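2 protein chains.
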Amino acid sequence: MLRIITQIAEATTELQRISDRTHNQQTEGKEVAVREILKTVQTEGDQALLDYTEKFDQLTLTVDQLRVTGSELDAAYQQVSKELIDAIALARKKIEAFHRQRTPKSWVEFGDNQTVLGKRYTAVDRAGLYVPGGRASYPSTVLMNAVPATVAGVSRRVMVTPPGADGKVNSAVLVAAQEAGIEEIYRVGGAHAIGALAYGTETIPKVDVITGPGNIYVTLAKKMVYGTVGIDSLAGPSEVLIIADHNANPVYVAADLLAQAEHDPMAAAILLTTEEKLAQEVQKQVEVQLENHPRRTLTEKAIAHYGVAVVVKSLTEAAKLSNLFAPEHLELEVEDPWEMLNLIRHAGAIFMGHSTPEAVGDYLAGPNHTLPTSGAARYASALGVETFMKHSSLIEYSHTALDDVSQAIQTLAQAEGLHSHSESVRLRMSKQYDQYKC
Amino acid sequence: MLRIITQIAEATTELQRISDRTHNQQTEGKEVAVREILKTVQTEGDQALLDYTEKFDQLTLTVDQLRVTGSELDAAYQQVSKELIDAIALARKKIEAFHRQRTPKSWVEFGDNQTVLGKRYTAVDRAGLYVPGGRASYPSTVLMNAVPATVAGVSRRVMVTPPGADGKVNSAVLVAAQEAGIEEIYRVGGAHAIGALAYGTETIPKVDVITGPGNIYVTLAKKMVYGTVGIDSLAGPSEVLIIADHNANPVYVAADLLAQAEHDPMAAAILLTTEEKLAQEVQKQVEVQLENHPRRTLTEKAIAHYGVAVVVKSLTEAAKLSNLFAPEHLELEVEDPWEMLNLIRHAGAIFMGHSTPEAVGDYLAGPNHTLPTSGAARYASALGVETFMKHSSLIEYSHTALDDVSQAIQTLAQAEGLHSHSESVRLRMSKQYDQYKC
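For the record, the sequence lines run as chains A and B. Heads up, the first sequence is in the numbering used here, so the first residue is 1 and it goes up one at a time. Heads up, the second sequence is in the numbering used here, so the first residue is 1 and it goes up one at a time.
Think of the hints as simulated: they come from the structure by calculation, not from any bench. Given the structure is predicted, the values throughout are model-derived calculations rather than measurements. Hints are not guaranteed to be accurate.
Quick list of the computed label-pair ranges, beta carbon to beta carbon [claimed, not checked]: (1) A:106 <-> B:47: 46 to 54 Å; (2) A:16 <-> B:71: 22 to 30 Å; (3) A:9 <-> B:23: 45 to 53 Å; (4) B:4 <-> A:106: 46 to 54 Å; (5) B:23 <-> A:21: 42 to 50 Å.
The calculated lysine-lysine pairs, modelled on DSS-like cross-linking and capped at a C-alpha distance of 25 Å, are [to be verified]: (6) B:320 <-> A:223; (7) B:105 <-> A:223; (8) A:223 <-> B:277; (9) B:223 <-> A:206; (10) A:39 <-> B:30; (11) B:431 <-> A:223; (12) A:206 <-> B:320; (13) A:320 <-> B:206; (14) A:431 <-> B:313; (15) A:105 <-> B:206; (16) B:105 <-> A:320; (17) B:30 <-> A:30.
Partial pick of chain A residues on the chain B-facing surface, computed with a CB cut under 8 Å [as the list claims (entries may be wrong)]: (18) 26; (19) 91; (20) 102; (21) 110; (22) 113; (23) 134; (24) 227; (25) 283; (26) 288; (27) 350; (28) 392; (29) 394; (30) 397; (31) 413; (32) 416.
Every residue, glycine too, gets a C-beta built ideally from N, C-alpha and C.
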């Protein structure tokens with residue numbers, strides 16, 4: 001049952017509790033285990049991957065079996081429907097089109113006295129994409145991670161994903177990978193797969209950036225290897241916050257809340273509405289739509305623990321609560337969503353109006369569905385082409401230009417006690433060393 | 001003494017050793033200590049800050065003394081020379097001008113059937129800037145962190161820095177902070193100050209992003225709180241790699257190597273040159289310039305452990321070695337640096353030609369001096385305005401636009417076993433619920 005709260009103080013506390021549901025997890029025991037796994041992968045390489053696959057996936061593999069073969073890649077197309085292949089291809093096309101817009105471009109500016117300043121953008125050399133197994137083995141995850149890497153121009157793109165009980169990788173995942181331009185795929189998952197990407201093994205290359213969601217072990221491993229490699233973010237359970245006014249349709253709102261709750265028993269589904277009647281109607285509709293839900297138990301659990309409908313006095317109050325929560329997904333099911341937008345400060349993605357369910361963005365509108373969770377939208381953004389690129393600052397000074405600022409640099413360097421910083425400028429200004437070459 | 005290596009295999013091993021000098025540090029004991037400190041700050045707030053300041057800085061403070069007062073801020077201007085104030089103001093101006101270029105801008109695109117897609121950029125609400133004490137208490141650090149936060153439009157900007165033995169904060173640091181628009185400054189440093197910024201205390205506000213360098217305890221604390229707040233990067237000891245040809249001046253090269261080495265006994269200073277004679281001359285010049293160096297012991301130590309001159313066969317070979325190292329700072333002291341640039345893949349900042357010592361970028365050319373270290377330039381970039389901003393994806397679909405992709409979304413959602421994702425679209429397409437409002 002979706003609870004309804006009408007007191008703002010209670011709502012604030014409740015949203016804080018939901019927001020903190022992962023921050024307050026005790027993970028120290030798991031951290032010890034993950035640290036051990038990473039160390040073992042670093043020292044033992046492939047053998048460690050085989051051992052952990054045996055232990056955690058109950059599957060005996062040889063080194064040669066780690067990589068998904070060309071014939072498995074080909075066969076995947078036979079194992080999914082034509083309709084699904086087309087839907088994956090359509091999604092890829094639309095995701096790529098969006099990600100190609102406003103990608104970072106190198107630039108230089110010419111200043112006085114022949115100075116040049118700029119930024120030079122380049123792709124990382126190698127990217128590793130983690131795709132979860134089991135309940136969360138989704139072709140859409142593959143597209144949302146692989147397409148930006150391809151658009152960025154990453155020359156080596158590698159995927160790891162845990163094998164099923166039969167040793168196979170989900171066919172739809174394999175099709176999505178190929179549609180997005182990834183053919184180097186290893187059937188290995190868990191914290192040990194993150195170790196393989198971070199340190200490299202005999203079979204799996206060390207990469208520069210690791211992206212993709214995973215369970216708590218994968219997330220802890222990503223946090224530990226951050227600094228050795230780059231990572232996209234630390235993904236927590238998914239969340240939606242819907243702001244709805246008198247104009248909203250309770251059937252749609254209920255479906256959107258459930259579409260979040262069905263991901264995970266820890267998923268959060270929050271409604272803020274100015275209409276008490278709407279809250280009640282949504283509560284009813286949630287029950288109706290849960291009736292024959294194939295993931296009913298899991299979804300009910302999420303709604304019970306991390307679902308809530310809050311009746312607010314105004315859309316301004318709703319925006320304030322939303323900004324405190326900083327949701328991953330924000331739906332504005334209100335009469336004028338563009339006006340409401342001015343009140344919003346933090347959200348991973350914002351879905352405008354009544355005909356934009358989160359699902360359209362999850363799959364194919366174009367923007368990335370890998371978004372900051374657990375309040376991280378206060379400071380973080382969607383995964384994007386930038387995740388797979390970096391820039392170098394460019395600086396060129398002429399002798400004259402350096403002369404102009406030489407005193408200021410020496411003053412600053414001396415104030416900081418950095419003698420050679422000062423000397424590196426002073427010596428260049430001294431005629432004595434001007435032509436001092438070998 | 002700066003070692004000279006002429007064998008490429010030895011050079012590769014040596015550069016790898018230098019690159020890994022921080023990755024292989026055993027930090028587990030320190031991690032336990034830092035975790036304990038963070039937990040104590042989270043539960044005890046201000047009192048923990050006072051206790052740790054007493055313990056680590058041997059200084060007894062009261063809660064009221066944590067914040068630097070208005071009169072201290074005013075007095076700072078009396079305690080530094082006019083020349084230094086002017087140099088700080090000049091640096092601020094030039095750093096700001098560079099950072100104002102190409103800042104992220106919000107955008108939307110209108111598509112078929114009244115769809116709208118875009119990205120909406122906003123600043124974080126609160127930023128916390130860490131400024132180290134002691135040897136590394138630099139006004140330039142303040143400018144390089146504070147100016148981008150100000151340009152981004154962060155409304156609350158807070159600085160923390162450990163107090164000296166007399167309880168005071170470095171006057172030049174206080175001047176730089178004010179020039180860059182920061183007036184909320186707390187005299188507290190170390191891992192506990194990071195905890196204060198991440199969780200908030202009675203006196204210090206919880207922030208959204210923490211930036212700035214620090215010792216190993218500060219860096220470990222930043223890594224641990226990452227996910228609760230955003231961070232800029234995990235800074236390691238500084239490094240320069242200089243590529244020099246027959247055109248280079250050994251006096252300049254030696255000064256630039258020493259300008260890196262003088263930062264820290266773990267700083268790295270690497271020369272790659274096509275000219276064996278230049279390597280020998282630089283080796284001599286390093287000794288000459290070390291003679292009356294005020295930080296001679298520390299600087300010699302860095303040169304001995306993490307300094308090296310490598311004689312390479314060609315600039316192409318130099319570029320390959322440089323790309324493997326992915327240096328924080330790269331100086332191209334060669335005849336045609338812009339041609340050489342095409343061979344470079346990874347570097348935090350690139351200094352072009354003979355009149356661009358790293359010091360010009362460290363202080364006032366404009367680009368940020370907070371750069372990726374320890375090989376992180378393979379995937380990371382300079383601190384910038386982006387560090388203090390984030391974006392929300394914007395998606396708006398019309399009923400017609402949703403209708404167009406409705407089947408594809410349902411196909412994908414069903415393939416992923418996400419019933420309500422599918423339903424959230426199907427129900428919107430069904431006339432039955434069209435006008436179903438409260």
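How the hints compare with the structure:
1. A:106 <-> B:47: 46 to 54 Å: For residue 47 of chain B against residue 106 of chain A, whose Cβ atoms are near 51 Å apart, the range 46 to 54 Å holds.
2. A:16 <-> B:71: 22 to 30 Å: For residue 71 of chain B against residue 16 of chain A, whose Cβ atoms are near 38 Å apart, the range 22 to 30 Å is violated.
3. A:9 <-> B:23: 45 to 53 Å: 48 Å, holds
4. B:4 <-> A:106: 46 to 54 Å: 35 Å, violated
5. B:23 <-> A:21: 42 to 50 Å: This hint is violated: roughly 33 Å between Cβ atoms.
6. B:320 <-> A:223: 30 Å, violated
7. B:105 <-> A:223: Status violated; Cα separation ~30 Å.
8. A:223 <-> B:277: Not OK: residue 223 of chain A and residue 277 of chain B at ~46 Å, beyond 25 Å, violated.
9. B:223 <-> A:206: Distance ~21 Å between residue 223 of chain B and residue 206 of chain A Cα, so the pair holds.
10. A:39 <-> B:30: Between residue 39 of chain A and residue 30 of chain B the Cα gap is close to 18 Å, so the pair holds against 25 Å.
11. B:431 <-> A:223: 48 Å, violated
12. A:206 <-> B:320: Since the Cα atoms of residue 206 of chain A and residue 320 of chain B sit roughly 18 Å apart, the hinted pair holds (cutoff 25 Å).
13. A:320 <-> B:206: Given that 25 Å is the threshold and the Cα spacing comes to 18 Å, the pair holds.
14. A:431 <-> B:313: Distance of about 31 Å is beyond 25 Å: violated.
15. A:105 <-> B:206: 35 Å, violated
16. B:105 <-> A:320: Roughly 24 Å separates the two Cα atoms, so the pair holds.
17. B:30 <-> A:30: Distance of about 19 Å is within 25 Å: holds.
18. 26: 11 Å, violated
19. 91: Holds - the Cβ of residue 91 of chain A comes within 8 Å of chain B, reaching about 7 Å at its closest.
20. 102: 7 Å, holds
21. 110: At 13 Å from the nearest chain B Cβ, residue 110 of chain A fails the 8 Å test, so the hint is violated.
22. 113: 10 Å, violated
23. 134: 11 Å, violated
24. 227: The hint holds - residue 227 of chain A has a Cβ within 8 Å of chain B, the shortest such distance being about 5 Å.
25. 283: With a closest approach of 12 Å, the residue 283 of chain A hint is violated.
26. 288: Result: violated, 11 Å to nearest chain B Cβ.
27. 350: It holds, given that the least Cβ distance between residue 350 of chain A and chain B is near 5 Å, below 8 Å.
28. 392: With Cβ-Cβ at 5 Å, under 8 Å, it holds.
29. 394: Interface hint status for residue 394 of chain A: holds (5 Å vs cutoff 8 Å).
30. 397: Result: holds, 4 Å to nearest chain B Cβ.
31. 413: With a closest approach of 6 Å, the residue 413 of chain A hint holds.
32. 416: 5 Å, holds
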